[in-house]
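Chemist: Chains A and B, in that order, are what the protein sequence lines are. Under our numbering, the first residue of the first sequence is numbered 1, with each subsequent residue one higher. Under our numbering, the first residue of the second sequence is numbered 1, with each subsequent residue one higher.
Note that these hints are calculated values from the structure, not bench results. Treat the hints with care, as some may be off.
Covered stretches of chain B, as calculated for chain A (at least 3 residues, CB under 8 Å) [as the list claims (entries may be wrong)]:
#, region
1, 54-65
2, 180-194
3, 209-218
Derived DEER-like restraints, expressed as beta-carbon distance ranges [unchecked claim]:
#, chain 1, residue 1, chain 2, residue 2, range
4, A, Ser54, B, Gly222, 38 to 46 Å
5, A, Arg196, B, Thr155, 53 to 61 Å
6, A, Gly109, B, Arg158, 30 to 38 Å
The C-beta atom is built at its ideal place from N, Cα and C for all residues, glycine as well.
Residue-level listing of the chains:
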Amino acid sequence: MTDAPAEIEALIEMMARLPGLGPRSARRAALHLIKKRGVLMAPLAETMAQVARSARECVNCGNITTTDLCPICTAEKRATGEICVVEDVADLWAMERSGTFRGRYHVLGGTLSALDAVGPEELRIPKLVARVADEGVREVILALNATVDGQTTAHYIAEALAGTGVTVTSLAQGVPIGGELDYLDDGTISAALRARKAF
Amino acid sequence: MEWRDEGVLLSARGHGESAAIIEVFTAGHGRHAGVVRGGGSRRIAPILQPGAQLSLAWRARLDAHIGAFTVEPIRSRAGAILSDRLALAGLNSTAALLAFTLPEREPHPDLYAASLALFDALAEGSDWPLLYLRWELNLLEEMGFGLDLGSCALTGSREDLAYVSPRSGRAVSRGAAGEWADRLLPLPPALLGQGPASAAEIAAGLRLTGHFLENHLAPELGHRPLPEARRRLVALLSRTA
Numbered sequence: 001m002t003d004a005p006a007e008i009e010a011l012i013e014m015m016a017r018l019p020g021l022g023p024r025s026a027r028r029a030a031l032h033l034i035k036k037r038g039v040l041m042a043p044l045a046e047t048m049a050q051v052a053r054s055a056r057e058c059v060n061c062g063n064i065t066t067t068d069l070c071p072i073c074t075a076e077k078r079a080t081g082e083i084c085v086v087e088d089v090a091d092l093w094a095m096e097r098s099g100t101f102r103g104r105y106h107v108l109g110g111t112l113s114a115l116d117a118v119g120p121e122e123l124r125i126p127k128l129v130a131r132v133a134d135e136g137v138r139e140v141i142l143a144l145n146a147t148v149d150g151q152t153t154a155h156y157i158a159e160a161l162a163g164t165g166v167t168v169t170s171l172a173q174g175v176p177i178g179g180e181l182d183y184l185d186d187g188t189i190s191a192a193l194r195a196r197k198a199f
Numbered sequence: 001m002e003w004r005d006e007g008v009l010l011s012a013r014g015h016g017e018s019a020a021i022i023e024v025f026t027a028g029h030g031r032h033a034g035v036v037r038g039g040g041s042r043r044i045a046p047i048l049q050p051g052a053q054l055s056l057a058w059r060a061r062l063d064a065h066i067g068a069f070t071v072e073p074i075r076s077r078a079g080a081i082l083s084d085r086l087a088l089a090g091l092n093s094t095a096a097l098l099a100f101t102l103p104e105r106e107p108h109p110d111l112y113a114a115s116l117a118l119f120d121a122l123a124e125g126s127d128w129p130l131l132y133l134r135w136e137l138n139l140l141e142e143m144g145f146g147l148d149l150g151s152c153a154l155t156g157s158r159e160d161l162a163y164v165s166p167r168s169g170r171a172v173s174r175g176a177a178g179e180w181a182d183r184l185l186p187l188p189p190a191l192l193g194q195g196p197a198s199a200a201e202i203a204a205g206l207r208l209t210g211h212f213l214e215n216h217l218a219p220e221l222g223h224r225p226l227p228e229a230r231r232r233l234v235a236l237l238s239r240t241a
C-alpha cells in the first residue's frame, strides 16, 4: 500500500494480476506508464480498448482474430489440404514462428480432462471432423503436448477421424535441438529411442 | 509437520503462475494432496505426469494444511505409454479411479503395491488387462465392497461357478442359478484363475466390477458418476472383444 490516489492503486492492483507481474513489479510498470503517459500510456489504453472491443475467436479454427475469420483461414495459399491441431493459440503462434508449416490450424482450446470435466464438445472436436469433410483436408497433424492429457486427446481425435479417410500424423517426440542426453528424463530418452531413424 | 515417502502421481493442476497442486497415492500416507512450488516450470512440469513414481517430502505448519511437496523423480512411466492408446487409457483409468475412490490421508499399503505393479505392467506393455481387472476387484475389496468368488452362495459348492449376485457380490454356480441366470452377472472363468483371459472375458469382468463400482461404491461417495477415463477404457477394451 502506498499513498498513491485510489485510481492509481486500482491500476497497480489490476496490473499485478497480469502473468509475470507481482505487486512490486506492477507498481514499477504503473509508475513507468504514468511518467510516459503521453507517448505510451494513452496509446496503450486506446489500443487495449480497441482490442477489447474487436478481439474474438475465429469461427472456423478458434484462432484469436478481430474479424469472424482469421487471416490464416481466409488466405487461399494456406489451403494446402493440411490442418495442424494445436491445444492453444500460444501453440499456434509458436508453430507460426517456426515458419515451416504453411497449412491451416485448428485450435482446441484445451485438452480432454476428466478432472476439469472437459469433453469433446468443449474442445471443438466435432467442428474439426466437419472441417475435414468441408475443406477437402488430406492430412491432420496433431501438434499436441507430449503429456498424458495431450496424448489422450490426440488418440481421441485420431479415433474421431478414423472413418474420414484423412491421414492423421503427429509431431515426433525425442531429443530437443541443443539437448544433452545427460540432462534428459528417462521418458524422453525412451521415446527418442523408439522413434530412431536411419542415419 | 513433515514426512518423507514414495508415491505415484494421480493428478496435477496449475496453481497460480508457477506452482501446481498435485495429488499422489503414497504407501504410508494414502492419497495426499499438496502444493509443488515451481511445479509449472519447464524443469518440474514434465515430472508431474500421472503414473510417475516420485520421492516426496511433505511439509506443513499444521497437519490440517494442504502443505507443500518437494518432489524428486524415481520413475517416469508416461514416456513409455504415450504412444499406446490402450495403455494410456489404462493409466488414466487407474489414476482416475484411485483419485475417485480413496479417502484422503488413509494408507492402503496392499492397494498401493497392487497399483504399482499395474502401473509397471502398463509401462512395460506386458499383458495388463487381466491385471487391471484384478486390480479393480482389489480396489472394491479395499473400499469394503469385496466380492466373494470362492464358493456358491446357494450350495456352497466350489465347482462350476458361473455368475455373481448383483446384490450380495457372491458367486453362484451354473446349476444353482437355474432360471435366475439372466438376472445375475456373468463371472468370467479368468477371474477364478482358469486360464488366460480372452478379450470377451475382460469385457465381461469389467461389466461385473463396473456394476459394483457404480451401484455400490459410488453411492457411498456422494452419488458421483464414475470417472470418464474408466468409461473410455471399457469402451476401448470392449471394442477388441
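Chemist: Now look at each hint and say whether the structure bears it out.
Modeler: Hint check:
1. Counting residues of the region 54-65 of chain B whose C-beta sits closer than 8 Å to any C-beta of chain A gives 0, which falls short of three, so the coverage hint is violated.
2. Here the region 180-194 of chain B counts 0 residues with a CB under 8 Å from a CB of chain A, which misses the bar of 3, and the coverage is violated.
3. Counting residues of the region 209-218 of chain B whose beta carbon lies closer than 8 Å to any beta carbon of chain A gives 0, which falls below the threshold of three, so the coverage claim is violated.
4. With their beta carbons about 45 Å apart, Ser54(A) and Gly222(B) fall inside the hinted range of 38 to 46 Å.
5. At roughly 59 Å, the beta carbons of Arg196(A) and Thr155(B) sit within the given window of 53 to 61 Å.
6. Taking the beta carbon of each, Gly109(A) and Arg158(B) are about 56 Å apart, not inside 30 to 38 Å as hinted.
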